[in-house]
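Position 91 (the sequence shown) corresponds to 707 in my numbering; numbering is contiguous.
Hint data in this document are derived by calculation from the structure and do not stem from the laboratory.
Among the hints, a few may not be true.
Pair ranges (Cβ atoms, derived) [said to hold, decoys possible]:
| id | residue 1 | residue 2 | range |
| --- | --- | --- | --- |
| 1 | 678 | 636 | 19 to 29 angstroms |
| 2 | 691 | 715 | 28 to 38 angstroms |
| 3 | 717 | 676 | 42 to 52 angstroms |
| 4 | 687 | 726 | 57 to 67 angstroms |
| 5 | 725 | 630 | 37 to 47 angstroms |
| 6 | 705 | 636 | 24 to 34 angstroms |
| 7 | 699 | 636 | 19 to 29 angstroms |
None of these values were measured; they are calculated from a predicted model.
Just so you know, even glycine gets a beta-carbon here, dropped at the ideal spot from N, CA and C.
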Amino acid sequence: MSPDHLSATFAALADPTRRAILARLASGETSVTELAKPFEMSMLAVSKHLKVLERAGLIARGREAQWRPCRLEACPLKDAAEWVEHYRQFWEQSLDRLDDYLRELKEKKHGRKQRKN
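Please model the complete structure; the sequences and the hints are all you need to start from.
Structure follows, in C-alpha coordinates:
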(Lines of atoms letter the chains of each structure in order from A and count residues from 1; the text may use other names and numbers.)
(Lines give C-alpha, C1' and ligand atoms only; values in the text may rest on other atoms or scores of the structure.)
Protein backbone atom coordinates (compact mmCIF):
# COMPACT_ATOMS: atom_id res chain seq x y z
CA MET A 1 0.00 0.00 0.00
CA SER A 2 1.39 3.41 -0.91
CA PRO A 3 1.86 6.01 1.83
CA ASP A 4 -0.95 8.09 0.32
CA HIS A 5 -3.41 5.22 0.72
CA LEU A 6 -2.18 4.61 4.23
CA SER A 7 -2.62 8.31 5.05
CA ALA A 8 -6.15 8.24 3.66
CA THR A 9 -6.95 5.17 5.75
CA PHE A 10 -5.66 6.70 8.98
CA ALA A 11 -7.36 10.04 8.23
CA ALA A 12 -10.66 8.23 7.70
CA LEU A 13 -10.20 6.25 10.92
CA ALA A 14 -9.42 9.40 12.90
CA ASP A 15 -13.10 10.29 13.23
CA PRO A 16 -15.26 8.39 15.76
CA THR A 17 -18.37 8.63 13.56
CA ARG A 18 -16.54 6.96 10.68
CA ARG A 19 -15.20 4.26 13.00
CA ALA A 20 -18.77 3.63 14.21
CA ILE A 21 -19.96 3.38 10.61
CA LEU A 22 -17.24 0.82 9.85
CA ALA A 23 -18.16 -1.14 12.98
CA ARG A 24 -21.78 -1.27 11.81
CA LEU A 25 -20.74 -2.37 8.31
CA ALA A 26 -18.65 -5.18 9.80
CA SER A 27 -22.03 -6.82 10.55
CA GLY A 28 -23.02 -6.68 6.90
CA GLU A 29 -24.17 -4.52 4.05
CA THR A 30 -26.77 -1.87 4.86
CA SER A 31 -28.34 1.28 3.47
CA VAL A 32 -27.21 4.85 4.03
CA THR A 33 -30.49 5.52 5.84
CA GLU A 34 -29.84 2.68 8.29
CA LEU A 35 -26.26 3.82 8.81
CA ALA A 36 -27.46 7.35 9.62
CA LYS A 37 -30.05 6.32 12.27
CA PRO A 38 -27.78 6.23 15.36
CA PHE A 39 -26.22 9.63 14.63
CA GLU A 40 -27.66 13.01 15.47
CA MET A 41 -26.67 14.58 12.18
CA SER A 42 -28.15 15.30 8.80
CA MET A 43 -28.09 12.84 5.93
CA LEU A 44 -25.75 15.29 4.19
CA ALA A 45 -23.26 15.04 7.07
CA VAL A 46 -23.46 11.23 7.05
CA SER A 47 -22.98 11.28 3.28
CA LYS A 48 -19.81 13.35 3.71
CA HIS A 49 -18.45 10.76 6.16
CA LEU A 50 -19.28 8.01 3.69
CA LYS A 51 -17.42 9.85 0.93
CA VAL A 52 -14.29 10.03 3.10
CA LEU A 53 -14.55 6.29 3.80
CA GLU A 54 -15.14 5.56 0.13
CA ARG A 55 -12.13 7.65 -1.00
CA ALA A 56 -9.98 5.75 1.50
CA GLY A 57 -11.23 2.48 -0.02
CA LEU A 58 -12.80 1.40 3.28
CA ILE A 59 -16.33 1.08 1.93
CA ALA A 60 -18.01 0.46 -1.39
CA ARG A 61 -21.41 1.84 -2.27
CA GLY A 62 -23.80 0.19 -4.64
CA ARG A 63 -26.98 1.15 -6.38
CA GLU A 64 -29.99 -1.13 -6.52
CA ALA A 65 -33.02 0.88 -7.67
CA GLN A 66 -33.85 3.23 -4.74
CA TRP A 67 -31.59 1.37 -2.32
CA ARG A 68 -27.96 2.53 -1.88
CA PRO A 69 -26.23 -0.31 -0.03
CA CYS A 70 -22.85 0.22 1.62
CA ARG A 71 -20.41 -2.55 2.43
CA LEU A 72 -17.11 -2.75 4.25
CA GLU A 73 -13.92 -3.12 2.22
CA ALA A 74 -11.44 -4.47 4.77
CA CYS A 75 -8.23 -4.59 2.70
CA PRO A 76 -7.07 -1.07 3.68
CA LEU A 77 -7.65 -2.00 7.34
CA LYS A 78 -5.38 -5.01 6.91
CA ASP A 79 -2.67 -2.80 5.43
CA ALA A 80 -2.99 -0.32 8.31
CA ALA A 81 -2.89 -3.15 10.86
CA GLU A 82 0.29 -4.53 9.29
CA TRP A 83 1.91 -1.09 9.47
CA VAL A 84 0.92 -0.71 13.14
CA GLU A 85 2.09 -4.26 13.89
CA HIS A 86 5.64 -3.36 12.85
CA TYR A 87 5.71 -0.63 15.49
CA ARG A 88 4.02 -2.80 18.11
CA GLN A 89 6.90 -5.24 17.76
CA PHE A 90 9.36 -2.35 18.11
CA TRP A 91 7.71 -1.18 21.35
CA GLU A 92 7.52 -4.69 22.76
CA GLN A 93 11.22 -5.21 22.10
CA SER A 94 12.04 -1.83 23.65
CA LEU A 95 9.97 -2.61 26.73
CA ASP A 96 11.57 -6.04 27.02
CA ARG A 97 15.02 -4.41 26.98
CA LEU A 98 13.89 -1.91 29.63
CA ASP A 99 12.53 -4.76 31.75
CA ASP A 100 15.87 -6.58 31.47
CA TYR A 101 17.75 -3.42 32.44
CA LEU A 102 15.51 -2.80 35.47
CA ARG A 103 15.92 -6.42 36.56
CA GLU A 104 19.72 -6.02 36.37
CA LEU A 105 19.56 -2.84 38.46
CA LYS A 106 17.38 -4.56 41.03
CA GLU A 107 19.74 -7.54 41.21
CA LYS A 108 22.77 -5.23 41.65
CA LYS A 109 20.98 -3.31 44.38
CA HIS A 110 19.93 -6.52 46.09
CA GLY A 111 23.52 -7.84 45.86
CA ARG A 112 24.86 -4.69 47.56
CA LYS A 113 22.37 -5.06 50.42
CA GLN A 114 23.44 -8.64 51.03
CA ARG A 115 27.16 -7.68 51.17
CA LYS A 116 26.44 -4.96 53.73
CA ASN A 117 24.70 -7.44 56.03
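For each hint, the structure was consulted:
1. 678 <-> 636: 19 to 29 angstroms: holds (21 angstroms)
2. 691 <-> 715: 28 to 38 angstroms: holds (36 angstroms)
3. 717 <-> 676: 42 to 52 angstroms: holds (49 angstroms)
4. 687 <-> 726: 57 to 67 angstroms: Given range 57 to 67 angstroms: holds, Cβ gap about 59 angstroms.
5. 725 <-> 630: 37 to 47 angstroms: holds (45 angstroms)
6. 705 <-> 636: 24 to 34 angstroms: holds (29 angstroms)
7. 699 <-> 636: 19 to 29 angstroms: Distance hint for residue 699, residue 636 holds at roughly 22 angstroms.
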